[in-house]
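Start counting the sequence shown at 1; every next residue gets the next number (our numbering).
Derived by calculation from the structure, the hints in this document are not laboratory data.
Careful: at least some of the hints might be erroneous.
Per label pair, the in silico range of CB-to-CB distance [said to hold, decoys possible]:
no.	residue 1	residue 2	range
1	Ser96	Gly27	27 to 33 angstroms
2	Ser65	Ala107	21 to 27 angstroms
3	Ala34	Gly99	28 to 34 angstroms
4	Arg98	Asp14	44 to 50 angstroms
5	Ala120	Ser96	37 to 43 angstroms
6	Ala34	Arg70	29 to 35 angstroms
Where a beta carbon is used, it is the ideal one built from N, C-alpha and C, also for glycine.
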Amino acid sequence: MSDTFNYRARIERDEDDRYVVAFPDFGWGATDGASREEALAEARDLLRELIAVTMREGKDLPKPSYAVGRCPLVVPPVPIALKAALYGAFRETGKSQRGFAHDLGVAESEVRRMLNPDHATKSATIDRALRQLGKLVSVTVGKAA
């Protein structure tokens, strides 16, 4: 499982002089903007959706690659990053949702909600679940680009 869910974005100009952003690690999806800044703001939303769709489809999230050149790093919204961390850690265990619910002392429906990228789950709940899986959440705050 990846320790980060920050992905490199590829930015190109299209024939209409718009900035088009894609995430090569996912292999699909793109967004655009009239300016580089607008395109990167849209890219954050796209990254959230790429992570969510991958989770909904029950697939492994791609490991973020190290990009060469001037590929900007896009940081997803914190709630989806936490959900992705839980999803990845849970998948690594090979446990059933029922077994994980038993370990946490909660109903299986609560585990389904925690693993659902579209359901709002408190960060403390995800933190507790990650700790049960032997993971520790660490927050790093850096300077905004």
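Hint check:
1. Remark: the range hint 27 to 33 angstroms for Ser96 to Gly27 is upheld by a beta-carbon distance near 29 angstroms.
2. Remark: the range hint 21 to 27 angstroms for Ser65 to Ala107 is contradicted by a beta-carbon distance near 38 angstroms.
3. About 49 angstroms separates the C-beta atoms of Ala34 and Gly99, a value inconsistent with the hinted range of 28 to 34 angstroms.
4. Between Arg98 and Asp14 the beta carbons are some 48 angstroms apart, a value that agrees with the proposed interval 44 to 50 angstroms.
5. For the hinted restraint 37 to 43 angstroms between Ala120 and Ser96, the CB-CB distance of approximately 24 angstroms leaves it violated.
6. The hinted range of 29 to 35 angstroms is not satisfied by Ala34 and Arg70, whose Cβ atoms lie roughly 20 angstroms apart.
Hints 2, 3, 5 and 6, counting from the list given before, are not met by this structure.
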